[in-house]
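Enquirer: Residues per chain, in single letters:
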Amino acid sequence: VRERVLADLSKLPLHGMRSASVTWWGTMAFMLIEGTGFALVIAVYLYLMSLAATWPIDAPAPDLLPGTVVTVILTASVVPNYLVSRWAEQQNLSKVKAGMIVMSVLAIVPLVVRAFEFPALKISWDSNAYGSVVWTLLGLHTTHLITDLVETLVLTALMFTPKGNNLRRFGDVQDNVMYWNFVVGAWLPIYVCIYWIPRL
Amino acid sequence: MAIRAGRAWRIGNEPETTAASVPFDTQVHDTYFVVAHFHYVLIGGAVFPLLGAVYYWLPKITGRMMSERLGQWAFWLIFVGFNLTFFPMHILGLQGMPRRIYTYQPDMPWHSLNLLVSASAVVLAAGFLLFFFEAIRSARSGLPAGPNPWDAPTLEWATSSPPPSYNFARIPIVNGLNPLWEQPDVLSVGSGLRVDRRELVVTSVHTADPQAREASPRNSIWPFWAAIATTVMLIWSIFSPWAVVWGSIPVAIALIGWFWPKRTPEDES
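First to last, the protein sequences are chains X and H. So for the first sequence, my numbering puts the first residue at 11; every next one is plus one. So for the second sequence, my numbering puts the first residue at 123; every next one is plus one.
Don't take every hint at face value.
Result set (BS3-like, lysine-lysine): computed pairs, CA atoms no more than 30 Å apart in a straight line [stated by the list, open to error]: (1) Lys107/X / Lys182/H; (2) Lys132/X / Lys21/X; (3) Lys173/X / Lys21/X; (4) Lys182/H / Lys105/X; (5) Lys182/H / Lys21/X; (6) Lys173/X / Lys182/H; (7) Lys107/X / Lys173/X.
Covered stretches of chain X, going by a simulated chain H footprint (3 or more residues, C-beta under 8 Å) [claimed, not checked]: (8) 30-40; (9) 49-62; (10) 167-176.
If you are wondering where the hints come from, they were derived from the structure by calculation, not from laboratory data. As the structure is a prediction and not an experimental result, all values here were calculated from the model. C-beta atoms are modelled at their ideal positions from N, C-alpha and C, and glycine is treated no differently.
Pulled out of the complex, with its shape left as it was, chain X reads as follows (with noise of 0.2 Å):
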């Protein structure tokens, strides 16, 4: 078959941003399973509920303090991570550096408190199911804390080499700031379930 050349695409940027960029799409396609995963935990938690006789089972409803201050600096994050991604879109490198560095310790520092979370459900995993379930949850939530505190700590290393300056990485900090925007809103409904529901 003859070829007849209508687009000329070497005008085209070398790379996109936001949903033009094949990342964030990815991004988005693992928040949607990850969320998935959060719900279906959520739906076992609210399930186990409803067949137990008494809720909590077996044990006090769980120390506020704890979860309530990681749930303080998760959403006082979300803050300095907008911030960020605004650095990212006007490729300011500078503040791009110094914001990730703060989003690394505003990573860390909720994960140190969440140590004190888990004895503070006063349960073990494997008392009972509600014991199970709360574990579940505060472990899977855990586990996204520690996932986006690698990143971070990465994507931050990466930004102070000659690599740092170039629009790709720009993208990979925005992707990285929409991710821990979900961390930090996934984390929410699960406050609720494992800390109000039980003093309902």
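Dock chain H against the given chain X, drawing on the hints supplied.
Expert: Frame of chain X, contents of chain H only:
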């Protein structure tokens, strides 16, 4: 072939609704009627279309045509063999023959139909034998197919048979579902992608406007290490929960190595 298959599938599906009726289901449950029914559904619904797809696309894969005459033979042997094998099973089932038996008492009244079924299965097998023979023969010594032996409308028929490993030297641009019918003599393409790095076009979702020339990854060993590390972690986790903790470290290393930018033109932006 695929169109003819549709009919067999429809015939087979009808008992699905009837089997949902409880009195009928009680009657035919675990009988040869069920065997007949699901073979009509499976062979009519999946096997016949598969055979049709092989006849349609094998020339694209091998570059050579399968024989029309032997194809007719294979179709009628399979079609007749299939119906004569499985249709009598409905009747056997209604006569009370249970499924999942390899033999039965000689005084049962199922003998002659079972003989017919066995003989027809030979016809069915002969049809498949002919089909497989023909698939192999045509790949070696069939007539050359050319790029589009069927005057088909979709893009795979715009490239040579068999296609080169890169499919198209330039990316085709289409404006509808049937690009080769809409513009029979000429293939619209986009040019300007670089040849020193692997590139693909990213377009907008709805209107498909080109937005960027996204790099496509080079060959890399890292996905392989990631797969090995994940496999080790998951299999290990059958034996110890700590595998999830320690096993995730090699996974993280492999993923970081995979992600870490290399000094290649693909990393340019």
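Enquirer: Hints first: check each against the structure and report whether it holds.
Expert: These are the hints, each one checked on the structure:
1. Lys107/X / Lys182/H: violated, 53 Å
2. Lys132/X / Lys21/X: violated, 61 Å
3. Lys173/X / Lys21/X: It holds: about 23 Å lies between the C-alpha atoms, which stays within 30 Å.
4. Lys182/H / Lys105/X: Distance of about 55 Å is beyond 30 Å: violated.
5. Lys182/H / Lys21/X: violated, 34 Å
6. Lys173/X / Lys182/H: violated, 44 Å
7. Lys107/X / Lys173/X: Between lysine 107/X and lysine 173/X the Cα gap is close to 13 Å, so the pair holds against 30 Å.
8. 30-40: As far as the segment 30-40 of chain X goes, the hint holds, because 3 residues have Cβ atoms under 8 Å from chain H.
9. 49-62: violated (count 0)
10. 167-176: Since 3 is at least three, the answer is holds.
Violated hints, in rising order: 1, 2, 4, 5, 6, 9; the structure is consistent with all others.
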